[in-house]
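Trainee: Sequence:
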Amino acid sequence: MTRVSRVQSRNTSKRTAKIGSMHRTEDDLLRGFQQTRPNNLARRGCSHGTSNSKMQGAGRPTYRPALDISPKRIRYGPAQAQFLLRHKIYIILKTELQTTSISQRHAMADPSSPGRRLYRGSCHCQNITYIVYLTLPPPLIDAQPPSPSSTVRIRKCNCSTCHKMAFFHVRPMDSPNDFQLLSPSDPALLSDYTCFGGNIHWYFCPKCGVRCFAFNGQSEIKEAEVNGEKRKIWAPKAEGWQEDNFRVSYLTVNAQTLEPGQDGLDMLEWTEKQWIAYIDCLNMVGETRLKKPYEGGTY
58 MTRVSRVQSR NTSKRTAKIG SMHRTEDDLL RGFQQTRPNN LARRGCSHGT
108 SNSKMQGAGR PTYRPALDIS PKRIRYGPAQ AQFLLRHKIY IILKTELQTT
158 SISQRHAMAD PSSPGRRLYR GSCHCQNITY IVYLTLPPPL IDAQPPSPSS
208 TVRIRKCNCS TCHKMAFFHV RPMDSPNDFQ LLSPSDPALL SDYTCFGGNI
258 HWYFCPKCGV RCFAFNGQSE IKEAEVNGEK RKIWAPKAEG WQEDNFRVSY
308 LTVNAQTLEP GQDGLDMLEW TEKQWIAYID CLNMVGETRL KKPYEGGTY
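Residue numbers for the sequence shown follow the working numbering, beginning at 58 and rising by one.
By construction, these hints were calculated from the structure, which means they are not laboratory data. Bear in mind that the values here come from a model prediction, so they are computed numbers and not experimental data. Heads up, some of the hints might be wrong.
What the hints assert, rightly or not - Restricting the straight-line Cα-Cα distance to at most 27 Å, the calculated cross-link-like pairs of lysine-lysine (BS3-like) are:
| hint | residue 1 | residue 2 |
| --- | --- | --- |
| 1 | K289 | K264 |
| 2 | K348 | K330 |
| 3 | K279 | K294 |
| 4 | K289 | K221 |
| 5 | K349 | K264 |
| 6 | K349 | K330 |
| 7 | K279 | K289 |
| 8 | K279 | K264 |
| 9 | K221 | K330 |
| 10 | K264 | K348 |
The whole structure should be built from the sequences, with the hints applied where relevant.
Mentor: In C-alpha cells form, the structure reads like this:
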C-alpha cells in the first residue's frame, strides 16, 4: 500500500469512527422511526363533525413525531438532531441536546404583537351580534400547534360542509372566556343545522341566513360586563370544557362575520403572511398544512 493510500485509509477510518453508532442506513433509520410512532396515529377525520371517519384537528392527539421525514432530509425535532442523506447513509451533523420546545421549531409572530383584543362580529341584519377575544398576530404560526391554548387557530377546511357554507374558521384560545353571544340571548332562537354525526350545531340567522359561529358542548346564560354595563350574555360553560376535544367541546367563529376596519384585524394579512392552516377533510389524506389548500378547498 502506498503512503497516499495509507493516509486516505486512516482518514476514512477516522470519519467512520466519528460517526460511530450514528452510521445507519436509510432503512434502519426509517424502521426506528416507525417503531416510535404510537398506534393511534392512524388517519384522522374532520374536526368539524362533518365526517364519520376518525378525528383530526381539535381532537387529534398532541403527539408530534420527533423527526419529519422527507426523501432527502430528516429535519431536527426537539433534540435538534439533523440528518442529511448522503450516499444512502444518514450522517448526524448536529447533535446538541437542548430544551427547545416543539413550538420553537416553527415560525413565531412579531414580539410587538398587541396581544389579546376584543373584536366584534355580526350577521348581515345585526340579529346576531357577538364579541370574541383574539390574539393577533397569532403567538405561534403552526399548522398543528402543540395545544389549542398555544395560539389562535385560523383554518380553512375542504370538507363538503365547510366548503358549501364558505366557513372561514378562527378558533379562540380559550372559548369560555373568549366568546360572548350578545344577541340573541340564547342560540335556541337561531336556526340550526346539523349533519353526519350531528355533533356540531351550525347556527344561522333565521332572517338573513348568515352563519356566525358553530358550537358543541355545554353553555350558560350569565351576567357580564359589556361596554361598562352589566348585561346577560350567552357563552360556553367553563366547567368541564375541553378545548382539545371537539366531540365534547367545540366553538369556531366564522371570520367572514367579523366587522371590518377594527384595529389589528386585516384578513388580507392572514393570507399574505400565511397564517391560515388548510385541512384535508374531503379526502382524508394530507396532514393539516400552511401555504396551500387541498383539493376542493379555497384560499
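Trainee: Holds or violated: K264 and K348, Cα atoms, limit 27 Å.
Mentor: violated (36 Å)
Trainee: Would the hint linking K289 and K264 be met if the CA-CA limit is 27 Å?
Mentor: The given pair, whose Cα atoms are some 22 Å apart, holds under the 27 Å limit.
Trainee: Take the C-alpha atoms of K221 and K330, compute the straight-line distance between them, and say whether it is at most 27 Å.
Mentor: Holds. K221 to K330 sits at ~25 Å (cutoff 27 Å).
Trainee: Straight-line Cα separation of K349 and K330 no greater than 27 Å?
Mentor: holds (12 Å)
Trainee: With the threshold set at 27 Å, check whether the alpha-carbon distance from K349 to K264 stays at or below it.
Mentor: Not OK: K349 and K264 at ~35 Å, beyond 27 Å, violated.
Trainee: Assess, step by step, whether the Cα of K279 is no farther than 27 Å from the Cα of K264, and give holds or violated.
Mentor: holds (25 Å)
Trainee: For K348 and K330, compute the direct alpha-carbon distance and say whether it is at most 27 Å.
Mentor: holds (9 Å)
Trainee: Starting from K279, check that the Cα of K294 is at most 27 Å away, please.
Mentor: holds (10 Å)
Trainee: Given the hinted pair K279 and K289, is their alpha-carbon gap at most 27 Å?
Mentor: Cα-Cα ~5 Å, so holds.
Trainee: Are K289 and K221 close enough, with their CA atoms no more than 27 Å apart?
Mentor: The hint is violated at about 33 Å.
Taken one by one, the earlier hints fail for this structure at numbers 4, 5, 10, listed in ascending order.
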